[in-house]
Amino acid sequence: MKKTSTLSIAVLLIAVFLFSFSLVSADGETTLVVGFDQDFPPYGYIGEDGEFTGYDLDLAAAVAEKLGLEVVYQPIAWDAKDMELDSGTIDLIWNGFTINGREDKYEWTEAYKDAGQIILVKSDSGIETFADLAGKVVAVQTDSAALEALESEDFAELTASFADLLVVEQYNAAFMDLEAGAVDAIALDIDVANYQIEGKEDSYKILDEWIQEEQYGVGFKLGNTELRDKVQAALEEIVADGTFAEISEEWFGYDSCVLSVCQSAGE
Amino acid sequence: MRFSVMLSKLGEGMVTSVLIFTLTLLFSLPLGLIVALARMSKNGLLRSFTRIYISVMRGTPLMLQLLVVYFGPYYLLGIPLSSGYRFWAVIIAFSVNYAAYFAEIYRGGIESMPAGQYEAARVLGYSETQIFLKIILPQVIKRIIPSITNEVITLIKDTSLAFSIAVTEMFTVAKAIASSEKTMVSYAAAGVFYYVFNFIVAFVMETIEKKLNYYR
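In order, the protein sequences belong to chains A and B. 1 is the number of the first residue of the first sequence in this note's numbering; add one for each residue after it. 1001 is the number of the first residue of the second sequence in this note's numbering; add one for each residue after it.
Honestly, the hints are just simulated from the structure, not real lab data. Here the structure is a predicted model, which is why all the values come from computation and not from measurement. For every residue, glycine included, the Cβ atom is placed at its ideal position computed from N, Cα and C. Incorrect hints may have been included.
[Stated by the list, open to error] Taking beta-carbon pairs under 10 Å as the criterion, some of the chain A residues facing chain B (in silico):
hint : residue
1    : 35
2    : 41
3    : 50
4    : 77
5    : 79
6    : 108
7    : 111
8    : 169
9    : 171
10   : 260
11   : 262
Let the sequences and hints guide you as you build the complete structure.
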């Protein structure tokens, strides 16, 4: 009895030992630790094979390869992203990360993709415009660009007309709510919306009016311009060798690049 | 995603959950006893210190405590963190939190012992340490097992809080799969995993309880 319990404690301690070794530190020297929200398809999520995948993660992997670093995907709690970045446990945030409204809070690369915040409703809901949203329940993800926009002065009147602006932890819960009829609309990113309604285009629709048009960039801790410049240069390299366009085609079916090097090439 | 892939991902998360669970119990059960003894100590300073400790641990959310333990060293002391600290921060926060609850359970058990037990032991020539270890503690453990089982089962379900500092345990995996696969199946599977885990723990605790039931 005593022998087996000593043995099991030993096995446990060895397991813990190995476990802590499998974790890596974010020093930005041999690894590039990418912080992302794993509930955020198609930018970063768990793929068919159970491994992390997504448009942004593929780009990050391509950039890390150019920099000669090992890419490490670190799923984070979205609320804690600033703390993670400040304390150095992640090197950067690459996750459909909206620059607009956050210009001064992070060091940014150039915007690499256009995006926008929209309103998604059920197609049989009869909601066509923002005005129809009066008295309706609208869900939005906590700490998201859509929430920031709706809480700004520009939309104070619209937001006030809602029966409730329901802040949810993650969009998946909001979709369950929308499907079940507990909320009438979701305010979210256009590409996330398109991914979610893929295959169910008949039951959902995106309003023609947009909340805001915006751009995505890679965010770094304020003052960390060194790594920012490296990543920016690597981004330009993967545009030049065609990797960027390839990844973009794969995920969205078009070349989504809006970096200045892409635009000058297009002219 | 194939069902087998989903199960293996959930299984990976389960390993983390079980590790958190086991290590927390390993540290918090002894720590709780020490806290309980300090709480009942004759030293007034020690007594009020543990009172405050228990009050803070029970009075603030575990999620907040996790954030403080993990990010505190950086924000309060300026020490840069390494990602390897994540898991240990979870163990520290959980152990310190559960020790407070266990301490009060131990105290309840110890204080319920009739004075006659102490008197009889003294007459028989036991020393104070012997009285506690050989006479009182075994009876206390018998009495508090049901309350301990309650806390232990709560602990299993609390492991899902670990993701607030980005430790990917099972429920987090279930949520991530649900959002990428647009399916509820992973939640149902996670529920079954939790239930089976709890069932095993409850069974083990019941067996221990029966084994200790030697006076009847």
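To see whether the hints hold, each was checked on the structure:
no.	hint	result
1	35	8 Å, holds
2	41	5 Å, holds
3	50	4 Å, holds
4	77	5 Å, holds
5	79	8 Å, holds
6	108	22 Å, violated
7	111	25 Å, violated
8	169	9 Å, holds
9	171	7 Å, holds
10	260	32 Å, violated
11	262	28 Å, violated
Hints 6, 7, 10, 11 from the earlier list are contradicted by this structure; the remaining hints agree with it.
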